[in-house]
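Let the hints inform the model, and build the full structure from the sequences given.
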Amino acid sequence: MKKIHVLMYAMIALLMFGLVGTPAFADDHSGDNAMVRVLHASPDAPEVDVYVNGDAAVEGAAFKDITDYLELPAGDHDVAIFPAGEGGEGDPVLEETVTVEGGMHYTVAATNTLDSLTLEAFADDNSVTEGMTKVRVGHMSPGAPAVDVGLVGGDSLFEGAEFFAVTDYMELDPASYDLEIRAAGTEDAVLDLSGTQLDADMVYSVYAVGADAESLEVVVVADQAGDMPSEMPQTGMGGASQSGNGLLPIALTVLAGGLVAALFLRRRTAEQ
Amino acid sequence: MQHSFSAAALRNSKKLLFFLSILLLSACSTTPDESSPASPENAAETTGINEEESTLEETALETEVESTENSTEPEAAAQTETEAETTPVTQAEPIEPVLGGSAGGIIPVTLSIPAIDVEGPVLPVGLEEDGAMEVPETGDDIGWFERGVKPGAQGNAVLAGHVDDLTGPAIFFDLEKLEAGDEITVTSADGESLTFVVTHKEAYPYQDAPIDEVFGATSSRRLNLITCTGEFDRDAGTHRERLVVFTELKQE
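Top to bottom, those sequences are chains R and S.
Here the first sequence is numbered in the working numbering, starting from 85 and rising by one per residue.
Here the second sequence is numbered in the working numbering, starting from 3 and rising by one per residue.
Just so you know, the hints here were simulated from the structure itself, not pulled from any lab data.
These numbers were taken from a predicted model, which means no experiment stands behind them.
The C-beta atom is built at its ideal place from N, Cα and C for all residues, glycine as well.
Some hints could be false.
Listed below are several chain R residues computed to face chain S (Cβ distance under 7 Å; list not exhaustive) [stated by the list, open to error]:
id, residue
1, Met-119
2, Leu-154
3, Leu-156
4, Pro-157
5, His-161
6, Met-188
7, Val-303
8, Asp-307
9, Pro-317
10, Thr-319
In structure tokens:
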């Protein structure tokens, strides 16, 4: 008896997967998957290959490189970093488990110096109010002090960011901004970012990288802001299609109604 | 309108009945178009979006105030001051942003599909009030969903065209004839063109299409073409199904 039950369950499971499961695997359902990319932010680390769950995901990423997004199922993933060109053989420089949620975008930064290399994963939100721009700042320079980022000679937009931190996004009007990175709480500029162009419907991440304040530089990553409709478009007007219910009766009714109304109105006008 | 009707009614109650029936008739015949966006489901979604937008607008306003304050300061003076003070500052070329995968691509202005003899202009379109993707007003134009990615970038870029207009076939009438392997080409205003290859096509009930699969994130560089298919449902004022042709950037 038990065996039969198991068989039945197996068959039910098979049926369900046959109907629901297979199409989901044939086409990637991005709602269930996470989008993950890697930023090489370790100033003294060599070029690296990144392996995810044992497969080469990125090859030859150098300092300041950011990869395209990689689609991964929600859940835990084994991310291993190897020196480039060794085919993932030998000991990885670093191996960590990264947990991702479906429907989210992530940047995983390989950060700090080579001997204390770590992976930091943080979420990207590539959406913005239509016509606006959005920016955030990441402090990825292990030797640099806490910083403010603000307008040259003006107010700070982001304050007190320390290694390792990625700020929230700030929505701004699209324009060219004269930004600078300052030692936190001071007017001492560490890095001049004059003429930073922030375009509409784009999302910017300004990552400060480098070993310390002297070798500080920035990687500005620009992403296209995306939005999804809630409904499919109305891509037809019916002029060359079979119709579910007749247009003619409705058209005739409207026409007849209109005619009667017109006649009636005319009569009424005549009466007055 | 109704006031004049009831005035007439006061004079003659039979006329009122007559008018009411005409009113009813005309109301019935106009509902199909208006009723689809007004379903309770959609209404709820629309409110959600509005709320979200209004909070975002508030933040936007705050930010705007900040930035105007900043820009009203005597910038030139401030700048020379900073330069004088801070000699060790690493200067100074404007930083070129690194484009994330989804940030590339071209803005399409024409589309050509030799396999079904389609060649037409592409216009940017956004969202309707009810959150649906907008479509071009005429049957000859193709709409590119500009709130998504550009063709050639990582993600799902989307074009939509009518299958028919009020009088006959429109630009995407033959879209259903496309087969895997057929090529489509989009060209930008400065003449750059990209070719995509049809991978598969799928028809979905119009209110139950996998929006996320057609418009959402993907690591591939896709361009999806949408048109209507199936019977035209007069009550709903739309075709019963949507045809999506999925294509992927041709590997050079």
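Q) Regarding the hint that R:Leu-154 lies at the interface with chain S, is the smallest CB-CB distance below 7 Å? A) 6 Å, holds
Q. Against chain S, with CB atoms and a cut of 7 Å, does the hint on R:Thr-319 hold up?
A. Cβ of R:Thr-319 sits 4 Å from chain S, so the hint holds.
Q.
Holds or violated: the hint that R:Asp-307 contacts chain S, with Cβ atoms closer than 7 Å.
A. Result: holds, 4 Å to nearest chain S Cβ.
**Q.** R:Met-188 as chain S interface residue, shortest Cβ-Cβ below 7 Å
**A.** 9 Å, violated
Q | Per-residue hint verdict: R:Leu-156, partner chain S, C-beta under 7 Å | A | With Cβ-Cβ at 9 Å, over 7 Å, it is violated.
Q: Identify whether the interface hint at R:Pro-157 stands, where standing means a beta carbon of chain S within less than 7 Å of its own.
A: Status violated, d = 12 Å.
Q) Is the interface hint for R:His-161 satisfied, with its Cβ closer than 7 Å to some Cβ of chain S? A) 14 Å, violated
Q. Measuring from the C-beta of R:Val-303 to each C-beta in chain S, is the shortest one below 7 Å?
A. Since the shortest Cβ distance to chain S is 6 Å, the answer is holds.
Q.
Is the interface hint satisfied for R:Met-119? The criterion is a beta-carbon contact with chain S at less than 7 Å.
A. Holds - the Cβ of R:Met-119 comes within 7 Å of chain S, reaching about 5 Å at its closest.
Q: Would you check whether R:Pro-317 satisfies its interface hint, that is, whether its CB is within less than 7 Å of any CB in chain S?
A: At about 4 Å, which falls below the 7 Å cut-off, the nearest Cβ of chain S leaves the hint on R:Pro-317 intact, so it holds.
The structure fails hints 3, 4, 5, 6 (numbered hints given earlier, in ascending order).
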